[in-house]
Amino acid sequence: MAQSSFLNFITKEFKHIFRDTRTLLIVLVMPVIQLLIFGFVISSEIKNANYAVLDYSNDYLTKRLVQRISSSGYFNFKGYLNSYGEIEKVFKNGDAKLVLIIGNNFSQKLQNDRFANYQVVTDASDPNTASILASYVQGIVNSFTTEYFGLTRQKERVSVQSRMLYNEEMNSAFMFVPGTMVLILMLVTAMMTSISITREKELGTMEILLVSPLKPWQIVVGKVIPYIGIAFTNVLVIILMGYTVFHLPLRGNMLLLLGVSSLFILLALSLGILISTLSKSQAVAMFISMFALMLPTILLSGFIFPIENMPKLLQWLSLIMPPRWFLSALKTIMIKGQGFQYVLKEVMVMIAMTLVFIGLSIKKFKVRLE
Amino acid sequence: MKNVIEVENLVKKFGSFVAVNNLTFTVGKGEIFGLLGANGAGKTTTIRMLCGLLSPTSGKISVAGYDAYTQPEQIRANIGYMSQKFSLYSDLTVWENIRFFGGIYGLWGKALKGRALELVEDFKMHDFKDIMVESLPVGWRQRISLAVSLVHKPPVIFLDEPTSGVDPVARRMFWETIHHISSLGTTVIVTTHYMDEAEYCHTALVMVDGKIGALGKPGELKQKYVVETMNELFLSLARNGNTKS
Amino acid sequence: MPAIQVTNLSKSYGEVKALSDVCLSVETGEMYGLIGPDGAGKTTLIRIIATLLLPDGGNARVLGLDTVSQYKELRGEIGYMPAVFSLYSDLTVQENLNFFAGIFGTTVKENYDLIKGVYHMLEPFKDRPAGKLSGGMKQKLALSCALIHRPKVLILDEPTTGVDAVSRMELWNLLHEIKNQGITIFVSTAYMDEAKQCDRVALIQKGTILGVNTPEGFAHMFPYKLFAVYASDIWKHSDAIRRLNACETAYMFGHSLHFATKSSNENADSLGQILKSIGIDAVVKEIDAGIEDYFIYQLSEK
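Protein chains in written order, with the numbering used here: chain A, 1 to 370; chain B, 1 to 245; chain C, 1 to 302.
None of these hints come from the bench; they were simulated from the model.
Possibly wrong hints are sitting among the right ones.
To be verified - Here are the simulated SDA-like pairs of lysine to any residue, each with C-alpha atoms no more than 20 Å apart in a straight line:
| id | chain 1 | residue 1 | chain 2 | residue 2 |
| --- | --- | --- | --- | --- |
| 1 | A | Lys-280 | C | Phe-85 |
| 2 | C | Lys-206 | C | Leu-54 |
| 3 | B | Lys-124 | C | Lys-236 |
| 4 | C | Lys-179 | C | Pro-215 |
| 5 | C | Lys-17 | B | Pro-137 |
| 6 | C | Lys-132 | A | Arg-22 |
| 7 | C | Lys-109 | A | Asn-8 |
| 8 | C | Lys-17 | B | Trp-140 |
| 9 | A | Lys-363 | C | Leu-54 |
| 10 | C | Lys-116 | C | Glu-95 |
| 11 | C | Lys-17 | C | Asp-38 |
| 12 | A | Lys-280 | C | Val-84 |
| 13 | C | Lys-285 | B | Gly-219 |
| 14 | A | Lys-366 | C | Tyr-71 |
| 15 | C | Lys-126 | A | Thr-11 |
| 16 | A | Lys-331 | A | Met-241 |
To be verified - Away from chain A, derived, C-beta distances all over 12 Å, residues of chain C:
| id | residue |
| --- | --- |
| 17 | Asn-8 |
| 18 | Arg-61 |
| 19 | Gly-64 |
| 20 | Glu-170 |
| 21 | Lys-179 |
| 22 | Thr-208 |
| 23 | Met-221 |
| 24 | Tyr-224 |
| 25 | Ala-240 |
| 26 | Arg-242 |
| 27 | Ser-277 |
| 28 | Ile-287 |
| 29 | Glu-301 |
To be verified - Covered stretches of chain A (chain C as the covering partner; in silico rule of three or more C-beta atoms under 8 Å from a C-beta of chain C):
| id | region |
| --- | --- |
| 30 | 15-28 |
| 31 | 209-217 |
For each residue, glycine too, the CB sits at the ideal point set by N, CA and C.
For reference, chain A alone in the conformation it holds in the complex (with noise of 0.2 Å):
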């Protein structure tokens, strides 16, 4: 009976999802929409930032670089400021996220001493796309300064010089693809399944499923493979997307990629299955999730603050969250391209994770009402 019996429950589980407006929304709509709307919002900040000039040199030269910059395609130039205390002001205003100084006898002193100081100020209340623009505008003046003056030694050039680690296109797409999929993984996977079974638990129908023949793990492993099935799929859309309409390159093994992604599914499903055994009903599944999975997802993971930034006690916090991992081992398949050894630990973390997290729904379960 188990094969026939299993294929009727997956059906069943299919038409609650294909009959439900909301729910499809949520695991086939949204997870599009979430990327569109992260892509597009980080991208366009980038490619639109203002920006304002106070020179103090104000030549030939420095004239030629405020124009390097404004069509570099990243910058608004909004105009000269007089005097520093004015930066305060445009940054309060929000006219501009990034004010360029450029010293005295800028042109001259490059010319003569090799050497001349610049300044970039940026309005911090957004770090990440502060510092992507504060590299950006480094990166157009050393280009600038060496077509001018020719090859010189490194030092002579510039004062500071920091450079985007495998993301010399500054290409934001590195930034929000793979944190955007281990969210939509979390939301389909961990929440919608616990939702699910606790919805069985409130309508009732539990009860029924408990007195049948089905074994329990027949019921929660009939509930979640449609869940895996779309999962999947949205691993797929994202990562199609990312390339097609990001232009993410995909550098890894697209075969260990869907490998660490299928891991992750199985990891939070079973942290969906253990939260549906510890809450009663659809709101408190649904209260867990957010506060158990999303809010860590979206903090502690590393996919908007970086975890290197964190106080020491986040970045501990940050080891038990299985998120991060996924994040960390997605970003060195996908963007730094590397092979399996050097994401082994984190697989190995993923699975003793989902062995514990299964361990204990099974502890957790229960054949009985309460």
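Given chain A's structure and the hints, the job is docking chains B and C onto it.
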């Protein structure tokens, strides 16, 4: 008796479906009026229109002297409503519940306290007015719900299956309370699935397919249809109707 | 071997005692009613019998199998219909039936003869989502789903609650048909008047069984003389009547008041005189007690 509710040629359509079809009846002051019918016969729709929650397709309704089309607000302020599902706050005491619902109807200060004391007196609730509602038996909760629905002294009160699941003694005590408030002049509209309770009403209206199946005093109806109990009357009327689906 | 054997069963939820020392025995092929108001412990007892709850003390055996230790063998032999509508409202009537047949490893076709009575009534709506059925139809669908695997024992928790009188009658007729197929039925209800549908009835209140008997048998257990009093405006007089010395209990039953008295020398005439003396002009008849009279007697004793 002065009529508190007047309904004339009342019709309610949902699309092409006629839920209530040409209903005409009146209810006098202090009358206990039982609204009976199979599921889907139009009871709920009728009650919602009487409460001013649903506007009729055509026909005339006046409740406590107010017109359902133009004065639904005034109707809502002048009726009490209690249903099986409408529950009290189980983590508040009886007294707190009464005061809270009194507050909703704009009572406060001395007036609120006075009215609350009056209800405690009327419903003999002295002994447990400071008890948490959750620790009271179902039968008592129903009576407290009734008391709460009377907090603003409405001339009309609607009781939707008020005794569902209540034990036989508490059910009868509840009905004695209903007769008591009716004798004080409150008009009571009540629905029930217990057919023996239909006999407790002054007037019974049995709805069949949105229409009047039978209307009159229970005793007279039983004579007219030559049946022993209201249950038989109900079954024979409903069987002739077509209230399936 | 009885189909259901419950011995000294007790269950508490924290401080609240839901069942205390419940014993009952249901014969194979019997229609057994469990009657009591909300909160009496009906659902708790039914859930323990259906293997869904663990008792604190005592045990329950269904078909000779222990509901705690042998629950795996037992599940599948019983059909269970919970008190709340527990089908998938987004699936159609047909899909619900197929699904529940599927999880029991059977098909609608295989057991068609058993459910054909109900199925016949459901057929016109078979493509309608279960959530859009009327209350009566929902219960009929739930009944079909509980029956679909041909259980030996059918356990129903308040199938007629919230259902109108016509659908209730139809549902009882269906239960009689099922019983005639040899299936043991254990059914709970809050409606006293449904007792007459059962072979035997257990009355339950506050977790205690007040008595078990055939519906007619309760009359013999009623210890007092019982009279029906007919008078106009009798509601006004109930308090005065209760204050009479002869009165044990007095409650409305339909359009008459049931008057119970301990004194055996009272008869219809003498009671009529007593009532007249307090200004009530009444017709009095001596009657047999029904199950509800017995229940009220038991409640008033406590």
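Status of each hint after checking the structure:
no. : hint                  : result
1   : A/Lys-280 x C/Phe-85  : holds (17 Å)
2   : C/Lys-206 x C/Leu-54  : holds (19 Å)
3   : B/Lys-124 x C/Lys-236 : holds (17 Å)
4   : C/Lys-179 x C/Pro-215 : holds (17 Å)
5   : C/Lys-17 x B/Pro-137  : holds (13 Å)
6   : C/Lys-132 x A/Arg-22  : holds (19 Å)
7   : C/Lys-109 x A/Asn-8   : holds (16 Å)
8   : C/Lys-17 x B/Trp-140  : holds (19 Å)
9   : A/Lys-363 x C/Leu-54  : holds (17 Å)
10  : C/Lys-116 x C/Glu-95  : holds (16 Å)
11  : C/Lys-17 x C/Asp-38   : holds (14 Å)
12  : A/Lys-280 x C/Val-84  : holds (16 Å)
13  : C/Lys-285 x B/Gly-219 : holds (18 Å)
14  : A/Lys-366 x C/Tyr-71  : holds (13 Å)
15  : C/Lys-126 x A/Thr-11  : holds (18 Å)
16  : A/Lys-331 x A/Met-241 : holds (16 Å)
17  : Asn-8                 : holds (20 Å)
18  : Arg-61                : holds (16 Å)
19  : Gly-64                : holds (17 Å)
20  : Glu-170               : holds (22 Å)
21  : Lys-179               : holds (20 Å)
22  : Thr-208               : holds (22 Å)
23  : Met-221               : holds (34 Å)
24  : Tyr-224               : holds (41 Å)
25  : Ala-240               : holds (47 Å)
26  : Arg-242               : holds (42 Å)
27  : Ser-277               : holds (56 Å)
28  : Ile-287               : holds (41 Å)
29  : Glu-301               : holds (33 Å)
30  : 15-28                 : holds (count 4)
31  : 209-217               : holds (count 6)
In this structure, every one of the numbered hints holds.
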